[in-house]
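For the protein sequence lines, the chains are A and B, in the order given. In this text, residue positions in the first sequence follow our numbering: the first is 1, and each later residue adds one. In this text, residue positions in the second sequence follow our numbering: the first is 1, and each later residue adds one.
Don't read these hints as lab results, they were simulated from the structure. Possibly wrong hints are sitting among the right ones.
What the hints assert, rightly or not - Listed below are the simulated DSSO-like cross-link pairs for lysine-lysine, each with C-alpha atoms no more than 30 Å apart in a straight line:
| # | chain 1 | residue 1 | chain 2 | residue 2 |
| --- | --- | --- | --- | --- |
| 1 | B | LYS11 | A | LYS131 |
| 2 | B | LYS167 | A | LYS26 |
| 3 | B | LYS17 | B | LYS102 |
On a predicted model such as this, the values are computed, not experimentally measured, just so you know.
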Amino acid sequence: MEILDAVFYLFALMIVGSASVVVFSKNIMYSAFALLFTLFGVAGLYVLLNADFLAVTQIMIYIGGILILIIFGVMMTNKIRGVDIKTGVSGKVQVYSAGAAVLVLGITMISIFNNTEWLIKDAPALDATIKPIGRLLLTDYLIAFEAASVLLLAAIIGAAMIARRKKA
Amino acid sequence: MIEQFLTELQKSLSLFKPESALVITFLMTLAGDLIFRKSEKLTANITLIGFVVTGFFLFNECNDGSTTIFSGMLAVDSFAKFFKIIILLSSIIVVIMSLFSKELFDGKRPMGEYYMLITSATFGMFLLSSATNMIMIYLSIEIMSISSYILAGYTKEINRASEASLKYVIFGAVSSGLMIYGISLLFGMTGSLNLLEINQVLATGDLNIVTLTFSMILIMAGIGYKISAVPFHFWTPDVYEGAPVTITAYLSVASKAAGFAVLIRFLRLGFTNLETAPESETWAMISNLDWQFIIAVLSVLTMTVGNLVALWQTNAKRMLAYSSIAHAGYILMAVAVMNDIGTAAVMIYFFVYMIMNLGAFFAVMLISNEIDSDEIEDYTGFGYRSPVLGIALVIFLISLTGLPPTAGFIGKYFVFGAVIDSGLIWLAVVGILNSVVSLYYYMKIVRNMFVRGVELEQKDVHFSPGAIMVLVALAIPTLVFGIYFQQIVEWAKNSVQMFVSN
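I would like the entire structure built from these sequences, with the hints used as guidance.
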């Protein structure tokens, strides 16, 4: 188990480290690229949890789709590529209050995760998860699956409406 | 196994007709818009017909024996039916209102998507008011949110509308992110997403209270955002002011109704003892979270902030936005009662709130069609330019204040009655003080329309007969239900029963 622990901490470090680059970098391209490692690290955590389908989906959709879109968006929009985004200081009050908020939230979260008795179930035997997921999606979660398709249709229509040019 | 599943699926589908009708309406509008690009009103007509068919299925839904469908994801019960009827009625009224809107049709804007998105938002609200599973709750909140983000920015060349839409998206994304994190914490403790199973685990009573509170705060951020309760209300004024009036009206009624439906169901199914309690008794809580106190505090904050800030507004739409926050506060007061009487009061209030609020927004829209402004200053003397509209708006505003003989009084009467009945006197006092404050800003409009500007010789304004008809059709019920309210009350009282056990 110790190798697994080490791998977990490796991925965790990768997520937290690259996520801070996303937030604190002044160059939006660096942020976009750092996001790649964050998303990849999350996929790694899924693998450690035996969630193979989720891990592959994470890589395909978030890295293969969304991240590429973000980078294309940044590169094709000349105006924002050169511009430094303000991540820095606007006033001492803001910095201190944000720091205090993060501190309080952090302490709360740590104490929550240490003290709660989480419901722990035995891990099922290691097996591919695609089949049970597919079966559940078409039985118990059928309505959620179908509702999600309505959601996507509405989103596509909305995106088309926003992108549409005004007729002369 | 498959056969058993298929029989259950058939049963589920037969109880799912209203929602199916909505999805079919959605697709028909899409197809109609593609095929007949030229005709202007076609999509609106398809949507209206679809809504009427939905209403037909909804009314014919059997009342007896509430049940769940789709493996316990959705409940079919009289509670959901009541809220669905409110949501459907307000959707129909909003679609009719849209036909008279000038800002929407400015510059030959294609309107197909507008009606499609109203339909999909209505579908999301229908699911939300009957969801008993956290996944369904989250998903249906997303369906209605994403549709309404786009609707809020539908007049996209107007900067204010785009700004409203963007603010709405950002606030919405944050709050739904918080909510789903709260749901995941809850799942981590209870191991289930089904409200009834969560209830069973909570009843054992050995959950960590800090974690439970934390996850509840996060979940309430998601629901509170939908009902625009303080402190999750910051988006409301800007979005309501920037969005087209019809959408503002829609968000302030239908989307709030769905939010309250899910809030009540979440509290009732998740946190109370499910044995049927006597009507007037407070539901027995099974966890050590003091929900009554939490909701009462939220309610006081919501109505006080809403009313006090409304006092300073000079823009009618923005003022009505704050007033709708205040109304959410009054309704939360009835939720805080936490018994069947309180729930019935919420329903009665929603019914009258729907009529009077849609009416007020419709009047504001007609005025802004004429004078191109929502500023209360510009309403000066308008009551003399169009007496019908002036009088109708006065009726709506009196009703919103809650004075007799209007429907608004009946709504307030039952809400305050429920609150006093349960012994929360301090809450009722705060509520009554707030109602007094609200009188001032509602009457500001009336004063500008009728008392000032008599000497200005402005020319009369005539509205189309259709618009006047809709206006009167909203104003008459506002008066009639102020006197003959017995049936509404009966209907609400018979509808409080929720699906509670397997």
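Verification of the hints:
1. B:LYS11 <-> A:LYS131: holds, 26 Å
2. B:LYS167 <-> A:LYS26: holds, 24 Å
3. B:LYS17 <-> B:LYS102: violated, 35 Å
Consistency note: the structure conflicts with earlier hint 3 alone.
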